[in-house]
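Here the protein sequences line up with chains E and V, keeping their order.
Per full-length UniProt numbering, the first sequence runs over residues 1 to 332.
Per full-length UniProt numbering, the second sequence runs over residues 1 to 332.
If you're looking for bench data, these hints aren't it; they were derived computationally from the structure.
Among these hints, one or two may not hold up.
Said to hold, decoys possible - If you want the ones that stay clear, here's a sample from chain E, every Cβ over 12 Å from chain V, calculated:
1. 170
2. 262
3. 302
What the hints assert, rightly or not - Stretches of chain E that chain V covers, calculated by requiring three or more beta carbons in the stretch to come under 8 Å of a beta carbon on chain V:
4. 13-20
5. 55-63
6. 230-236
7. 287-300
8. 308-317
Quick caveat: nothing in here was measured; it's all calculated off a predicted structure.
Using N, Cα and C, we set each Cβ at its ideal position, and we do this for glycine too.
2 protein chains.
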Amino acid sequence: MALYFANSSEGMVPDALAGFARAHADLVVWEREHGFVRARHTSPARRVGLVSGGGSGHEPLHIGYVGAGMLDAACPGRIFASPHNRQIFEASRAVGREGGVLHLVKNYTGDRINFGIAAERLGRQGIPCARVLIDDDVASESDGVAAGRRGTGATVLVEKVLGAAADTGMGLRDLVALGEDLVERCRSLAVASAPHTAPTTGRPAFALSNGALEYGVGIHGERAEHTAAHRPLRDLVGEMTGTLARALRLGRGSSVIALANGLGGVTQLELYAVLGEAARLLDDRGVALERALVGDFVTALDMHGFSLSLLEVDGETLKWYDAPAQAPAWRR
Amino acid sequence: MALYFANSSEGMVPDALAGFARAHADLVVWEREHGFVRARHTSPARRVGLVSGGGSGHEPLHIGYVGAGMLDAACPGRIFASPHNRQIFEASRAVGREGGVLHLVKNYTGDRINFGIAAERLGRQGIPCARVLIDDDVASESDGVAAGRRGTGATVLVEKVLGAAADTGMGLRDLVALGEDLVERCRSLAVASAPHTAPTTGRPAFALSNGALEYGVGIHGERAEHTAAHRPLRDLVGEMTGTLARALRLGRGSSVIALANGLGGVTQLELYAVLGEAARLLDDRGVALERALVGDFVTALDMHGFSLSLLEVDGETLKWYDAPAQAPAWRR
Chain E
1 MALYFANSSE GMVPDALAGF ARAHADLVVW EREHGFVRAR HTSPARRVGL VSGGGSGHEP
61 LHIGYVGAGM LDAACPGRIF ASPHNRQIFE ASRAVGREGG VLHLVKNYTG DRINFGIAAE
121 RLGRQGIPCA RVLIDDDVAS ESDGVAAGRR GTGATVLVEK VLGAAADTGM GLRDLVALGE
181 DLVERCRSLA VASAPHTAPT TGRPAFALSN GALEYGVGIH GERAEHTAAH RPLRDLVGEM
241 TGTLARALRL GRGSSVIALA NGLGGVTQLE LYAVLGEAAR LLDDRGVALE RALVGDFVTA
301 LDMHGFSLSL LEVDGETLKW YDAPAQAPAW RR
Chain V
1 MALYFANSSE GMVPDALAGF ARAHADLVVW EREHGFVRAR HTSPARRVGL VSGGGSGHEP
61 LHIGYVGAGM LDAACPGRIF ASPHNRQIFE ASRAVGREGG VLHLVKNYTG DRINFGIAAE
121 RLGRQGIPCA RVLIDDDVAS ESDGVAAGRR GTGATVLVEK VLGAAADTGM GLRDLVALGE
181 DLVERCRSLA VASAPHTAPT TGRPAFALSN GALEYGVGIH GERAEHTAAH RPLRDLVGEM
241 TGTLARALRL GRGSSVIALA NGLGGVTQLE LYAVLGEAAR LLDDRGVALE RALVGDFVTA
301 LDMHGFSLSL LEVDGETLKW YDAPAQAPAW RR
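Bound-form chain E, shown alone:
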């Protein structure tokens, strides 16, 4: 646990955005006045603008996925706080096209409210606007609260696939249907063995004894229902993979993309081992691992933990997943 490298805790996000804009000036533009990042290059065939956003502290999500073949714009909020609806409204007006604008929203109350207000304002201006709500985290499924499942790792996959689909000229209604289908076919689960550092205090955001695991942690440090014991990776990933496979009813003949995602403080050695264990278990079940993503895609500041996501795919989804994109955190 250590202090962040920063000028001040309030300066972390604006200073990072300035550096981000400078580092990736060939791919993105940071519209500082209106608070959104937009793609410098986009496909002329695209008829619907794709806009996402959410609290900062999850980088590269969402700003790293702005660019040709992915998002048209992303609105970063303060750390772990929703962007303001004005940011979303301005971004949507700037990148909306003849077919309107699609909002890709992680399922958190603040994000839902702010994207909702922006959508109402866009509607009053006659700009067609629809939403795909991303809620893939199985750990929050049994909460019994109205909020529903949290949105986590699926977001990256949805942003990639919908970006490629939008580039074919697909309309708003079909994009919504595709997006909702993707969300329904994707589930995630996260564990942490140490909390993230709170930016304002420089101290651990929650208490977790050494050797304990938060099994089902959220990307803002939402506590799990119960704390579990640290255990060999094979057993841990086995349990996680089994839970995801059951949730998606995967079986012999199913095909998936797997995402072994670092929450900020874990090493690539650990993440590749996670992928290896998951792959072995999918093999045992006769599930085809079509593609694997390993690295930091949706983080929780410097939390020492990882998430595992599985997306069930067909040939068309794979084709869109494989389509070239040029975004700061996704270049193929």
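Model the placement of chain V on the given structure of chain E, informed by the hints.
Frame of chain E; chain V shown alone:
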């Protein structure tokens, strides 16, 4: 600080390599018996095979840079330990071409010895072999010991540029000259505010009080000459950038590539802020920032720290830097 997610500390590297090979089966092959990763696709124009390697725990270095346009092979050692000379010998035999093989070696005693023994064996088999020694870390410059400067962030840039140059059909002697020139034009400096976790004990690898900075830390946790106080990022990066600019004699009209590299436990928010501060200081000095790399490229397990590297470039170097490559950690 927390236990690693692993089956065992000894299993961390082999388990990660198995997952790495599975995740990137389209790009690389893990030759388990001989202990090296080789590229699945390479340019037919290449006449010299490029081989690197070193201790594990620095991922994505080196295995992530194996692929078309970059390395032909990489030999991973155990964590923070040189690969065995047999691994290097076998990798070199496997990927050497009519023009021979070039070893890209970070300046550490173990690596020098093992690459050296492999080179002797290759020579006895009539395989032309030469070496570029990478020693960019200014913090180790004044050690007054025979070991010389350590090799760190420059390695990524050298592997990228030499990969593109090799793809033009450049011969061994010219590649060595280009590589030595690149190393001479690149300098790095690293700081940490918390140590990495030792895999065998699960405890901090060295003691550093809260609020203290190890200014000039090495990528294996080599201590700096002295501990400094934590300070605002602007001041810290200002001092680092000034030191690198003086070492490279940068001034008005110079052009550079900057690498803001995470050592494992820092966030992208922090790294982008580092890049932003460095860019501002280069602007002040009239130095053109031609390209920026921000992220985890050469890590030190989960160390909470970052390094800054500057490489002075000309138009030809930029062209090679920009050339497409398809490696797990470098796809453009």
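Status of the hints after comparison with the structure:
| no. | hint | verdict |
| --- | --- | --- |
| 1 | 170 | holds (25 Å) |
| 2 | 262 | violated (9 Å) |
| 3 | 302 | violated (6 Å) |
| 4 | 13-20 | holds (count 7) |
| 5 | 55-63 | holds (count 4) |
| 6 | 230-236 | holds (count 5) |
| 7 | 287-300 | holds (count 6) |
| 8 | 308-317 | violated (count 0) |
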